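Counting in the numbering used here, the sequence shown runs from 20 upward without gaps.
The set of hints was computed from the structure by calculation and includes no laboratory data. Given the structure is predicted, the values throughout are model-derived calculations rather than measurements. Glycine included, each C-beta is placed from N, C-alpha and C at the ideal position. It cannot be assumed that every hint is accurate.
Unchecked claim - Under the rule of at most 30 Å between Cα atoms (straight-line distance), these lysine-lysine pairs were calculated in the DSS-like manner:
1) K96 <-> K68
2) K170 <-> K153
3) K172 <-> K153
4) K120 <-> K153
5) K46 <-> K120
6) K170 <-> K96
7) K38 <-> K96
8) K153 <-> K68
9) K120 <-> K38
10) K68 <-> K238
11) K46 <-> K96
Stated by the list, open to error - Pairwise CB distance ranges (calculated):
12) Q140 <-> P83: 23 to 29 Å
13) G186 <-> N79: 21 to 27 Å
14) L93 <-> Q200: 22 to 28 Å
15) A164 <-> Q200: 31 to 37 Å
16) G109 <-> A176: 39 to 45 Å
17) I102 <-> A160: 33 to 39 Å
18) G171 <-> Q123: 36 to 42 Å
19) E169 <-> Q127: 20 to 26 Å
20) G41 <-> E92: 19 to 25 Å
21) G109 <-> G186: 27 to 33 Å
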Amino acid sequence: METPVHVTVIMGGNGRWAKQRGEDRVKGHIAGTESVRACCRAAVQAGVKYLSLYAFSQENWNRPQAEVSALMELLGKCLVNEIPMLMENGIRIRLIGDRTKLSQNLLQLMENAEHQTENNQTMTLLIMLSYSDKWDIEQAAEAYARDYAEKGKGGTAPFENYLSTAGIPDPDLLIRTSGEQRLSNYMLWQTAYTEFYFTDILWPDFRESDFSAAVESFKNRDRRYGKVK
Numbered sequence: 020m021e022t023p024v025h026v027t028v029i030m031g032g033n034g035r036w037a038k039q040r041g042e043d044r045v046k047g048h049i050a051g052t053e054s055v056r057a058c059c060r061a062a063v064q065a066g067v068k069y070l071s072l073y074a075f076s077q078e079n080w081n082r083p084q085a086e087v088s089a090l091m092e093l094l095g096k097c098l099v100n101e102i103p104m105l106m107e108n109g110i111r112i113r114l115i116g117d118r119t120k121l122s123q124n125l126l127q128l129m130e131n132a133e134h135q136t137e138n139n140q141t142m143t144l145l146i147m148l149s150y151s152d153k154w155d156i157e158q159a160a161e162a163y164a165r166d167y168a169e170k171g172k173g174g175t176a177p178f179e180n181y182l183s184t185a186g187i188p189d190p191d192l193l194i195r196t197s198g199e200q201r202l203s204n205y206m207l208w209q210t211a212y213t214e215f216y217f218t219d220i221l222w223p224d225f226r227e228s229d230f231s232a233a234v235e236s237f238k239n240r241d242r243r244y245g246k247v248k
């Protein structure tokens with residue numbers, strides 16, 4: 020099988036990684052930024068065209084405020100500090116999710132990063148921020164219903180065109196770290212035929228070789244999409 024076009028990652032285990040070392044949970048998130056860099060490099064090397072990372076879910080807003088604030092601050096710093104890495108590797112960045120709860124400062128940093136990298140063509144890095152698929156399906160259904168009411172069925176686009184991931188290929192491979200084996204309200208619509216790869220490795224320890232192992236596992240699978248070969 021060929022290299023997956025779109026690989027998505029649920030980055031689990033930052034908190035446990037920090038706890039094992041007697042550190043605050045935020046230390047695990049900071050350590051996990053090196054894993055993001057490693058996966059970007061490995062994905063580009065493998066020829067992956069889209070790499071999406073589940074960075075912060077809608078449900079994560081219910082975490083302690085101090086942790087949420089630290090995560091938002093870390094993301095803002097990364098949106099500035101990682102631009103050279105993105106440019107060097109030809110990576111375009113896009114941020115997908117519900118932006119209504121994000122600060123104006125973070126929104127501006129997001130827009131700046133998207134603008135600076137918009138002409139890069141080697142790979143697109145999708146940061147799923149304040150994202151959950153139930154939210155995505157709900158907002159898509161509302162938009163579809165509005166179009167249907169105004170234009171009738173003939174005037175509506177295919178439903179997936181109303182999702183926040185419109186125009187992005189569905190993931191071929193989903194990687195989840197830290198031993199968890201669930202989707203956690205992530206890309207429920209888009210992963211209908213995605214291959215799953217679960218590993219016990221905690222996210223801050225996940226490196227290029229681990230990403231490559233997941234891609235090789237994908238290449239050895241037989242995808243039939245309900246058909247017979």
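Structure-based check of all given hints:
no. : hint                      : result
1   : K96 <-> K68               : holds, 25 Å
2   : K170 <-> K153             : holds, 25 Å
3   : K172 <-> K153             : holds, 23 Å
4   : K120 <-> K153             : holds, 17 Å
5   : K46 <-> K120              : holds, 24 Å
6   : K170 <-> K96              : violated, 44 Å
7   : K38 <-> K96               : holds, 23 Å
8   : K153 <-> K68              : holds, 26 Å
9   : K120 <-> K38              : holds, 28 Å
10  : K68 <-> K238              : holds, 16 Å
11  : K46 <-> K96               : holds, 15 Å
12  : Q140 <-> P83: 23 to 29 Å  : violated, 40 Å
13  : G186 <-> N79: 21 to 27 Å  : holds, 26 Å
14  : L93 <-> Q200: 22 to 28 Å  : holds, 27 Å
15  : A164 <-> Q200: 31 to 37 Å : holds, 34 Å
16  : G109 <-> A176: 39 to 45 Å : violated, 30 Å
17  : I102 <-> A160: 33 to 39 Å : holds, 36 Å
18  : G171 <-> Q123: 36 to 42 Å : holds, 39 Å
19  : E169 <-> Q127: 20 to 26 Å : violated, 33 Å
20  : G41 <-> E92: 19 to 25 Å   : holds, 22 Å
21  : G109 <-> G186: 27 to 33 Å : violated, 19 Å
The structure shown violates the earlier hints numbered 6, 12, 16, 19 and 21.
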